[in-house]
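Asker: Given chain C's structure and the hints, the job is docking chains S and Z onto it.
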Amino acid sequence: MKASAFAYARATSLDNALELLGAHGDRAKVLSGGQSLMPAMNLRLIAPDLIVDIGGLSELRGVVLQGTNLRIGALTRHVDILNSPEIAVHAPLMREAVTHIAHPAIRNRGTIGGSLAHADPASELPACMLALDGAVIARGPVGERRIAAVDFFQGIFQTALAADELLVAVELPLAKQGSAHFFQEYARRHGDYAIAGLAGQAVVEGGVFADLEVAFFGIADRPVQAKAARRLVNSPVTPALISDACEALGEEFDFQEDQQASAAMRRHLARVLLVRCVATLLRRPELSLSGVVP
Amino acid sequence: MTTATAISLIVNGERVEAHVEPRLNLADFLRDHLRLTGTHVGCEHGVCGACTVRVNSEIVRACLMLAVQANATSVETIEGVSDSGEISDLQNAFRERNALQCGYCTPGMLITAQDLLKHEAEPSRDRIREHLSGNYCRCTGYQAIVDAVAATARLRRGPKE
Amino acid sequence: MTRKKAGKFSVLDRPNSYIGKTVPRPNLDRLMQGRGLYVSDMELPRMGHAVFVRSPHAHAKITRIESMSAKKMPGVIAIVTGPELAAVITPWVGVLSHLKGLKSAPQHAIAIDRVCWQGEAVAAVVAISRALAEDAAEAILVEYEELEAVTDMRTALDPETPVIHALLGDNLAFERIHDAGQVDQAFAASDAVAEADFIFGRHTGVTLEPRAVVADWNAAEARLTIYQGTQAPHMVQNIAALHLGLEESQVRVVCKDVGGSFGIKVHIYADEMATYALSKLLRRPVKFVADRIESFNTDIHARDHRCRGRIGVKRDGTITAFEIDDLTGIGPYSMYPRTSAIEANQVVNLVGGPYLAKNYRARARVVFQNKNVMCQYRAVGHPIACSVTEGLVDLAATKIGMDPVEIRRRNLIPDDAYPCGSPSGLKFEQLSHHASLGKLVEMMDYEALRTEQAALRKRNVHRGIGIASFIEVTNPSAAFYGVGGAKISSQDGVAVRLDAQGAVICQTSITEQGQGTESLTAQIVGSVLGVSMDRVRVILGDTDVTPYGGGTWASRGAGIGGEAALQATKILRKNILDVAAAILQSSPSELDIADNIVVNAGDGAARIELRELARIVYFRPDTLPPGVQAELMATRHYVPREYPFAFTNGIQASWLEIDTETGFIRLLKHWVVEDCGTIINPQLVDEQIRGGVVQGLGAALFEKCVYDERGQLTNANMADYLVPMSAEVPDIDVGHVVSPTLESELGAKGAGEAGTAGAAAAVANAVNDALRPFGAVITEIPLTPQVILKALGRI
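Chains as they are written, first to last, in our numbering: chain C, 327 to 620; chain S, 910 to 1070; chain Z, -14 to 780.
Read the hints as simulated data drawn from the structure, not as lab findings.
Incorrect hints may appear among the rest.
[Stated by the list, open to error] For lysine to aspartate or glutamate, the following EDC-like pairs were computed, each having C-alpha atoms within a straight-line distance of at most 16 Å:
#1 Z:K654 - Z:E391
#2 Z:K241 - Z:D529
#3 Z:K46 - Z:D169
#4 Z:K343 - Z:D169
#5 Z:K412 - Z:D430
#6 Z:K443 - C:E612
#7 Z:K654 - S:D1035
#8 Z:K472 - Z:E233
#9 Z:K6 - S:E1005
Values in this document were obtained by computation on a predicted structure and should not be read as measured data.
So here's chain C without its partners, still in its complex pose (with noise of 0.2 Å):
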């Protein structure tokens, strides 16, 4: 199919794009990578007026340490963020979930600002901001504002974005001295949306979790943080531990149902996640043989 006809803007400048996006409401749509816009255009389910490239704004490029924060522009690509050292060194959860998302030619064109405002439950970078506790930064007509992860994924495709709003960097605080990671999700074919996902990060201490945050992906209608993996965190981990904490992670989210899994597989398979990932993390394999998963 061919996209409908519009109307195209090459934003001059920040203020430039805010001013037509603040002219335009929601009948224009802002274009970066173009990786998740094009395709709905191409298929016509959605027909803008007008469409804001702001692909020439190059200060929202780039990858910088400030103080105690990694800041990662919006236009940084998905490639950028696998090429770039700083993240490799502060944020390595970040670069391991780059390499599922879709194949080299998406990454060479999608932004991260891009997939955090275009908000797939499925997609793998949201989840990691939860898991970071991370912060978007946007800019309106009025100046900017900082959002924490956790307050910005509101729904299927839906953010706490407004619609003058633009997100122009995300913040990352640095990973904590002895920190590690985890990243894995279950998708059909390599490069697809996930069917269920989890990106963890953690402080082990002595075999046990000073700190431990599981974001899961794909099992709901935006990413969620994991309130059972709390109960893993200071205490000793033991089969029946994590037994208790897949039970209550069962209770936790509104399991989504699709072609791909009914919700009571997205539920086991978010069990299963969490037991791979504490067995992972505390380098402790046979903790996900013994068939803690009911």
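Answerer: Chains S and Z alone, transformed into the frame defined by chain C:
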């Protein structure tokens, strides 16, 4: 303004000036306006890889890019990449191994394979399959393609000391 | 380079023969440089682009079509509805007389009054670009009165279910019953009986180049040229002429490069017929290229079957009987002209085929539904028959505690039992089930895999081995379609000539979709004649230029087209040697042709180059002896007469691992041993097998057209209909046994569909083998993680 926008870009080393509707995607621009029909359209939703071209030396899905976004870029299609001789060894390997049947996925496959070989000198078979995992082929079942790419990698590495 | 002494001319024995050699296909460069010419690339002067407005409902009356404002939109040439187009093109009915009882209703190029599947065209927009045509299509208002849709094949014949076509009386398109031997007694005498319901996903071909047609009616010449990636150009020529009220000589069909077909592009589609008619109506070229969504909704679907199967077995492993009750739900029309009953008919024909058991009973019913049309797609019916048969054989083996290889050893037809027939009435000339099984077991090192499986099971790693034997229909004679009244040729022809420089030009009626038709033809011509392949040019896919023939489908290209090429070239060779003898004052029996030169048959000495001979014949015939008229062109046709089909056989094995916690399957390796008779190009045959296997792997694990109860196809895109990509499939080892057919001199049978026939069966058996410790048996595909987890009781 849904009216035509002026663009100026390099395509296969030649400067091209055109006026295009904003909604025209890069694949259709190349095929219909420049008659470079080697870039193929298979799905228009960015999944099949048949439309893969290089923009500023990086592989992209031409169906997911607007022609207007290609303004002030350098675009290389299979015709250009082929004519320069850059992939003649890869094409030889494809021919010898019959890594193409109907040929429709082949331009995208060649460009994507070359992208891998430029970045990795000794890709394993699994790495080749992974890099090509976004290029759909219905004819070959992929094995011959993997063989041809692996053979080219070996050839480029040359004899071991 | 060897020179042989003059003796009996055997075509497979020629010096420097290409037959049996892996040579690269000629003319791949243009495809690799992006310089192929696919119909979707074509542009003609004043060409219009057709877009079809399609029904969103599975079953509805069309109450109003309002297109006034759409007609005024930029770039619009015409907007045409069903009744308007009916004045230009007549409807058709997809039945064949030899499928007794098959009935179907007339189908129009564009629906009139009623739509019968979601996606059926209700109007056509022709504009100067596809984008502008789509804009106008959006502005067309169509009002429908929804009707109840028939969307469950299990209840399609129930009295409460609406009958889709009142004049047909019910929704039964076709029923076939077959009863051979003494089935009830055989089951009664068995030590064990196993039974299962086999459920298959509805599949579609997903050719990477969608269906594309450029129809060019030249009013001044009163001639229609159809550019289309069809597998059967003469069939299209016949049908287009018939329904447009033209003589066949007024229609030319040209194929160009084709971006994949696999049977999808061998059928007659309403929207393509509409495109021909639009060109005639508008008196200008019209192009239609289906986009991907349209392809999912309107390319033929296939394999939507529910088959109950039963097998009887004795304790010693002897299979006593097979029985099936197969139900398949097609679309609202039987497809034209090959019919939508052939797939079910094949299932009945092929179940139990490799085995000795003589007791066989079958019922197959084909019912209409308000879903997309269904018809022949690669390996027609074979995957169903093989999955049912091989699934039942494994169930029988489990019942008596026998190894799956062992039970097959005890029941496959012995290799020295031929010629013989099957209980379904098939005639086998020579198959090699046992030699193939032996070779497979060796190739895969079966015992080693069993040992590995056992060791890994102890560590809770679950791997499985699955075996699937099969027979394959190839080289069909008129028994397939012709006898039923279809104007589908089962014979093919090849014309070969020497050009003025001594090179060879060859015109063949078989067609190319990437399998290597051009190469196999050039290899045969080069070998038989004694010329190098680079001096052979093959022309195909043009009804104005080639002999009349059937085209390439049902794995008939090598066996039938190849034989025609062989026979024609033999005559050309004779004619050349006759002239050469006259020129050289020798006799033909003392001469031969090798490496483009006429040589002495005895000592191989060069006598005259073909280039020089051609010069003399074409430009200096005054120098030839009196009474000598050179004829450097020959045409021969071929059709198999003794065997209605040349059956081939093969066997496949799958080795896979299941993560029993997630249900995800990893395919580790796949093997195929195939016997397709004389192999012309080993690499091309192996690649056909590999490509076919991967389509079968897609069927086993991924592919399914998902309809909801309202008849809406819910996964009509490449993100939701899952086709296998490179990271999902393993390497595939291929081996061969060779049993040539004696019916032709070439001895080649077909190989194009064998991979697809048995791959899903092998995978399904491997999954059940892996899950044996859990007591789970699954007889449905696709084997998704959810299906696995449910079978394991994990969800």
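Asker: Hints the structure violates: just list their numbers, smallest first.
Answerer: Numbers 1, 3, 5 - these are the hints that the structure violates, sorted from lowest upward.
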